[in-house]
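**Student:** Residue numbers (numbering that gives the first Met the number 0), protein chains in the order written: chain A, 0 to 236; chain B, 0 to 236; chain C, 0 to 236; chain D, 0 to 236.
I should point out that these hints are in silico values taken from the structure, not numbers from a laboratory.
There's no promise every hint is true.
When chains are identical, the list treats them as one kind, so a pair holds in a single copy or across two.
No farther apart than 25 Å at their CA atoms in a straight line, the calculated lysine-lysine pairs in the BS3-like style are these [what the hints assert, rightly or not]:
1. LYS31 / LYS209
2. LYS30 / LYS95
3. LYS169 / LYS217
4. LYS114 / LYS124
5. LYS217 / LYS43
6. LYS209 / LYS228
7. LYS58 / LYS95
8. LYS30 / LYS43
9. LYS51 / LYS209
10. LYS2 / LYS31
11. LYS40 / LYS209
12. LYS2 / LYS180
13. LYS43 / LYS124
14. LYS169 / LYS228
15. LYS2 / LYS227
16. LYS58 / LYS31
Small disclaimer: the values here were computed from a predicted structure and weren't measured.
Here is what each chain is made of, one letter per residue.
4 protein chains.
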Amino acid sequence: MAKSRFEYVRDFEQRDVLIPETYIVVRIDGKKFHEFSNYYKFEKPNDMRALKLMNACAKNVLLQYRSEVILAYGESDEYSFILRSDTTLYNRRIDKISSLFVSLFTSQYVMLWSKFFPNDPLDVKHLPFFDSRCVSYPNLKCIKDYLSWRFVDTHINNLYNTVFWQLVQKCGLTTREAENKLSGTVSSEKQEILFSECGINYNNEPEMFKKGSLVTRKGEILHIDVIKKIDELFEGY
Amino acid sequence: MAKSRFEYVRDFEQRDVLIPETYIVVRIDGKKFHEFSNYYKFEKPNDMRALKLMNACAKNVLLQYRSEVILAYGESDEYSFILRSDTTLYNRRIDKISSLFVSLFTSQYVMLWSKFFPNDPLDVKHLPFFDSRCVSYPNLKCIKDYLSWRFVDTHINNLYNTVFWQLVQKCGLTTREAENKLSGTVSSEKQEILFSECGINYNNEPEMFKKGSLVTRKGEILHIDVIKKIDELFEGY
Amino acid sequence: MAKSRFEYVRDFEQRDVLIPETYIVVRIDGKKFHEFSNYYKFEKPNDMRALKLMNACAKNVLLQYRSEVILAYGESDEYSFILRSDTTLYNRRIDKISSLFVSLFTSQYVMLWSKFFPNDPLDVKHLPFFDSRCVSYPNLKCIKDYLSWRFVDTHINNLYNTVFWQLVQKCGLTTREAENKLSGTVSSEKQEILFSECGINYNNEPEMFKKGSLVTRKGEILHIDVIKKIDELFEGY
Amino acid sequence: MAKSRFEYVRDFEQRDVLIPETYIVVRIDGKKFHEFSNYYKFEKPNDMRALKLMNACAKNVLLQYRSEVILAYGESDEYSFILRSDTTLYNRRIDKISSLFVSLFTSQYVMLWSKFFPNDPLDVKHLPFFDSRCVSYPNLKCIKDYLSWRFVDTHINNLYNTVFWQLVQKCGLTTREAENKLSGTVSSEKQEILFSECGINYNNEPEMFKKGSLVTRKGEILHIDVIKKIDELFEGY
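With the hints as extra help, turn the sequences into a complete structure.
**Tutor:** Rendered as structure tokens:
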């Protein structure tokens with residue numbers, strides 16, 4: 000079609016691409032989900048419905064990009080999609096990959112909300128949204144370490160949050176007191192506090208809370224020890 | 000909190016920022032909306048409901064970022080948000096700005112869908128999603144030319160599509176025949192064809208179709224000659 | 000010519016460009032010039048020969064790119080070349096501009112060395128080299144401020160270094176003592192120390208030391224108050 | 000030291016880095032060396048002195064960065080330095096690596112010129128200079144392929160140029176005629192033309208011309224079949 004004299008403004012666009020033969024992580028992260036989860040009264044520290052909603056969204060996104068994605072892994076309000084190193088999706092353009100994944104994820108989240116929160120309709124003034132980034136990982140070792148990083152983070156965060164909220168909700172500590180009590184403790188001490196003061200054995204907590212959720216290429220959602228299975232998970236890639 | 004030995008994977012992240020003192024355009028564009036609009040039976044060439052839905056989303060996004068946005072302009076399945084040159088939103092990080100705008104826009108789109116398409120519930124297999132990009136414009140002249148570019152594009156596309164679909168729908172031409180008839184014609188010839196063959200005066204077409212939609216900082220939605228008003232629109236920026 | 004099956008490795012190259020309509024600064028900076036200047040026994044704090052050599056190199060580089068450069072400004076072992084905002088030199092590719100300027104500058108430096116240091120032949124084990132970077136400035140105000148920044152820096156550095164080395168060389172202070180004496184002093188106090196303790200009036204120091212060197216498009220080398228002349232210097236750009 | 004109100008201009012600088020755990024190629028390429036080689040009357044198609052000068056420069060650059068460089072490879076007026084994937088040189092900043100390598104190389108070139116061209120002093124109006132770029136390669140296979148690409152290119156270029164110049168210099172063809180004669184020929188045909196028409200056996204040409212020059216970490220300069228030795232060359236990296 001006709002081109003106008005304003006067409007030159009396209010020259011200001013920059014097209015950054017991820018270099019070939021690197022694994023691509025697209026990580027999506029809830030924006031102000033602290034506020035969002037308060038507004039919709041999510042249970043602390045984990046809301047089963049909210050986690051299942053995240054998983055359902057991730058599964059649908061993964062299935063739509065099935066041929067490009069190795070697996071997805073999520074916890075809390077974040078999800079990472081790991082793409083094959085040989086993917087040529089959108090010519091590996093950062094802006095395209097990053098925006099389309101987050102947009103599709105968001106679309107799913109709003110669409111599926113009522114299924115998981117049937118009694119809490121979304122309010123147009125308090126809608127969920129997510130940021131997104133793309134990161135390149137050049138070899139199998141570092142992409143495995145990426146996943147292990149998110150897995151360990153899940154463990155660290157969940158253990159802390161579980162003890163913290165039990166101290167507050169069950170033992171009546173203020174949030175400040177709970178914070179002080181946990182400050183400087185290592186993993187085993189936190190588990191001990193949880194057991195001795197709140198009568199809870201961390202091992203009996205739901206697997207989804209302790210291990211996060213992993214979506215396989217077939218769309219299965221697993222709660223497994225990612226580090227133990229790390230080689231298996233990337234077999235063939 | 001404790002840091003794991005996997006923490007190093009964060010060093011692979013790159014944080015691109017838009018240089019200071021440049022206007023920022025965030026342009027959102029429907030992904031495969033040709034297919035999407037077919038599935039939901041949008042009217043051709045313009046579906047008033049779909050355009051109003053786009054406008055409502057853009058308005059809500061703009062209002063949420065009101066202090067950073069100068070105006071927004073949209074047509075068809077795309078919308079451009081123009082940010083102040085002195086904005087420090089998300090430290091001008093490309094990934095943050097680009098992803099959060101498109102995610103919030105998508106959230107609005109799915110949320111507001113039923114208001115504009117009350118009889119066509121969204122199907123989880125056919126959800127809307129959008130790509131997004133950030134572009135930097137270093138001075139007033141080129142950011143004005145950017146907006147003018149989108150405005151002229153709206154005109155060119157809409158005139159073509161209007162005549163094309165009238166020839167097909169009213170005069171019974173095949174799409175191929177309509178294409179051939181319009182090939183190589185200039186604006187005035189297209190208007191003449193529209194008038195003589197379909198009995199339609201292009202001037203009487205809805206302003207929203209001919210001029211696109213401009214959302215002001217106050218949230219007003221206007222359908223105006225952007226080029227005539229261009230200096231006024233950027234006054235004070 | 001024939002292409003080999005290895006040709007694909009070119010796809011790993013990334014071509015970053017500076018966005019249009021922005022002024023470009025190419026700043027060149029001596030690498031380990033502290034060491035280099037010790038080896039060749041540069042006079043402290045300023046070596047007239049070394050500064051004149053820098054100026055000669057900058058002038059020759061500027062003249063080779065005369066149609067693209069507005070001016071160049073240097074002090075000590077650094078030089079900034081300011082390019083027109085409408086330059087299309089090397090399609091505004093960062094790698095090309097940055098590397099070719101620094102390479103030509105280095106070529107000049109080694110070539111002209113013997114003219115300014117006739118008795119100190121360069122030693123292949125101690126050759127000069129420079130780093131280089133490109134920066135984009137979107138408007139006249141900030142490119143003027145860039146130049147003013149370098150000018151003020153010249154003043155601050157030169158005043159400090161002049162007093163410091165006089166205290167060491169004339170008054171016999173150790174470098175540590177000189178440092179302590181100057182710590183926390185403002186400009187006027189430094190000038191006072193220089194006058195009262197070393198008998199030197201800073202105003203009488205050579206203009207090149209106090210003001211740096213500015214190379215005009217005609218190749219003139221000036222030592223002027225850049226801030227006072229700032230509007231004049233960019234007139235017409 | 001004191002900071003001026005102009006300091007903010009530093010915020011316009013962008014610091015691009017090469018992602019970790021990728022091999023880095025720094026490729027240096029002569030700027031307008033066709034012209035340069037004509038001016039200094041280089042022998043065609045290969046000037047032994049010029050190639051040896053390039054090698055000497057590359058060797059010295061490599062030795063200065065010995066702990067970071069795996070090897071260097073050059074032909075004609077270009078040289079590639081291949082850096083270890085775990086190098087943290089200049090924090091992997093593109094601008095630093097690219098500019099310092101090309102600047103040091105240029106410094107060497109001008110410095111060593113008279114050793115290889117004792118009767119042809121450099122003219123300040125015709126100085127050599129080079130461009131430079133950094134490229135990231137994520138795995139051993141593709142960095143090997145990079146080197147193989149340059150090696151094959153050396154072969155293709157040298158065979159063509161050898162036959163071409165023999166046809167012109169020995170057989171009296173015009174450059175146009177030589178071009179036409181070679182157009183569309185494959186390798187074996189070119190060798191046949193060279194043998195039958197110019198009486199030259201390509202196999203007897205100097206190894207440096209046919210195979211380019213490879214500089215090892217120890218500073219040895221080899222002319223070997225890079226592809227045959229490719230695994231050996233990268234052993235341990």
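**Student:** A separate judgement is required for each hint: does it hold in the structure or not?
**Tutor:** Hints and how they fare:
1. LYS31 / LYS209: Within one copy only: 23 Å inside a chain, 39 Å across chains, cut-off 25 Å.
2. LYS30 / LYS95: Classified as both: same-chain Cα gap 20 Å, cross-chain 10 Å, threshold 25 Å.
3. LYS169 / LYS217: neither (40 Å within a copy, 48 Å between copies)
4. LYS114 / LYS124: Result: close both inside a copy and across copies, 20 Å intra and 15 Å inter.
5. LYS217 / LYS43: Neither. Shortest intra-copy (31 Å) and inter-copy (38 Å) distances fail the 25 Å Cα cut-off.
6. LYS209 / LYS228: within (16 Å within a copy, 51 Å between copies)
7. LYS58 / LYS95: both (20 Å within a copy, 23 Å between copies)
8. LYS30 / LYS43: within (18 Å within a copy, 36 Å between copies)
9. LYS51 / LYS209: Only inside one copy: LYS51 and LYS209 sit 14 Å apart there, 45 Å across copies, limit 25 Å.
10. LYS2 / LYS31: For LYS2 and LYS31, the Cα distance is within 25 Å only across copies (23 Å; inside one copy 42 Å).
11. LYS40 / LYS209: Answer is within: at 21 Å inside a copy they meet the 25 Å cutoff, but 45 Å across does not.
12. LYS2 / LYS180: between (67 Å within a copy, 19 Å between copies)
13. LYS43 / LYS124: Close inside one copy (23 Å), not across copies (32 Å); limit 25 Å.
14. LYS169 / LYS228: Result: close neither inside a copy nor across copies, 35 Å intra and 63 Å inter.
15. LYS2 / LYS227: between (58 Å within a copy, 19 Å between copies)
16. LYS58 / LYS31: The answer is both: 23 Å in one copy and 21 Å across copies each meet 25 Å.
In summary, the structure is inconsistent with hints 3, 5, 14 from the numbered list given earlier, while agreeing with the others.
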